[in-house]
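With the first letter of the sequence shown counted as 1, position 14 gets the number 14 in this note's numbering; the numbers rise by one all the way through.
Bear in mind the hints are in silico, worked out from the structure with no lab data behind them.
Glycine included, every Cβ here is placed at the ideal spot set by N, Cα and C.
Among the hints, a few may not be true.
Computed spacing ranges between beta-carbons, pair by pair [as the list claims (entries may be wrong)]: (1) G192 - D143: 16 to 22 Å; (2) D70 - D121: 15 to 21 Å; (3) S215 - H148: 15 to 21 Å.
The calculated DSBU-like cross-link candidates involving lysine-lysine, where the alpha carbons are at most 35 Å apart (straight line), are [what the hints assert, rightly or not]: (4) K212 - K161; (5) K66 - K54; (6) K212 - K131; (7) K161 - K260; (8) K212 - K54; (9) K260 - K131; (10) K66 - K131; (11) K161 - K131; (12) K260 - K66.
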Amino acid sequence: MNKLDGHLNVRRYGADGSPVMMLHGFTLTGAMFEPVADRTTLSVHAPDLPGHGKTTVHPTFPETVKSLADYLRDFGPMPVVGYSLGGRIGVQVAIEHPELVPLLILISASFGIQDVQERADRAAREIALAKSIRAGSIEGFVDRWLTHPVAAPCGLDDATKAWDRSVRLENTSDGLAAALQGLGQGEQEWLGDAAQSLPMHIITVTGSRDAKYSSLAAAWCAAADPDGPSRCHVVVPRAGHNLIVEQPDHVAPLIENLVKSDSP
């Protein structure tokens, strides 16, 4: 079912099990996590992030973090699972409100861009892409986006491809353009150092075919204090960047096991 909590549209899936907030990636909605809920006993709280789906919160980091933190206060602290864009946002929430996030699971996610010039260059590219998105149709942009080497799901059957595309088409060109400008990697500070100081366990998950994000996750975990909270990297075989859609039978129980093993 869908729950409209103010201007943050939160999709609720699954049983009355352990609650988990799941944050989707760019061009998706909270609906991307329905296959995870179908394969677990978790109670999934899956917001449409600002700029996406039915949420009307302005897509900036301050407003996005506030809306998610307010929701977590209402429902109680719960583990946060973030995919790609949702992972970066999840880290931001955990840094600003660590008391609300007892466990952080980052799937195909980075901690932003550390190099200042590289971040500025990325911001310029995101502004240009946002302009292009606004100028065209949502169908045209989604179809172009799904040809990108990182975004394109690997090895999906036709029915799953159609479902994945339909989730993305719940968005609008203006919404995605605003999200790209307000929540893109060029707009976000480097979070890698601050994240190492967080008190909760942080698990990074990447696909074996996603060389870029696997390398980033492995390097970040290797730099962690061995005496501090867990910083683990899990690699899902036969999966690329979009591993939730590509390997739901592997990813769903992995998430459930991590959540339950971290529960009191």
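Here is how each hint holds up against the structure:
1. The hint said 16 to 22 Å for the Cβ distance between G192 and D143, and at roughly 33 Å that hint is violated.
2. In this structure the supplied range 15 to 21 Å is violated for D70 paired with D121, their Cβ-Cβ distance being about 34 Å.
3. One distance hint, 15 to 21 Å for the beta-carbon pair S215 and H148, holds here, with the actual separation near 18 Å.
4. Distance restraint check for K212 and K161: the Cα-Cα separation of roughly 23 Å lies within the 35 Å cut-off, and the hinted pair is therefore satisfied.
5. Proximity of K66 to K54 is assessed by CA-CA distance (about 17 Å); at most 35 Å being required, the pair is judged to hold.
6. Between K212 and K131 the alpha-carbon distance is near 27 Å, which keeps this suggested pair within the 35 Å criterion.
7. Restraint check for K161 and K260: satisfied, since their Cα atoms lie roughly 31 Å apart, inside the 35 Å limit.
8. A distance of roughly 31 Å separates the Cα atoms of K212 and K54; the hinted pair therefore holds under the 35 Å criterion.
9. Using a Cα cut-off of 35 Å, the hinted pair K260 and K131 is violated, with the two alpha carbons roughly 43 Å apart.
10. At roughly 27 Å between alpha-carbon atoms, K66 and K131 fall within 35 Å of each other, so this suggested pair holds.
11. Restraint check: the Cα-Cα separation between K161 and K131 comes to about 27 Å, which is no more than 35 Å; the hinted pair holds.
12. As the CA atoms of K260 and K66 are separated by approximately 27 Å, the hinted pair is consistent with the 35 Å bound.
When each numbered hint is compared with the structure, violations occur for hints 1, 2, 9.
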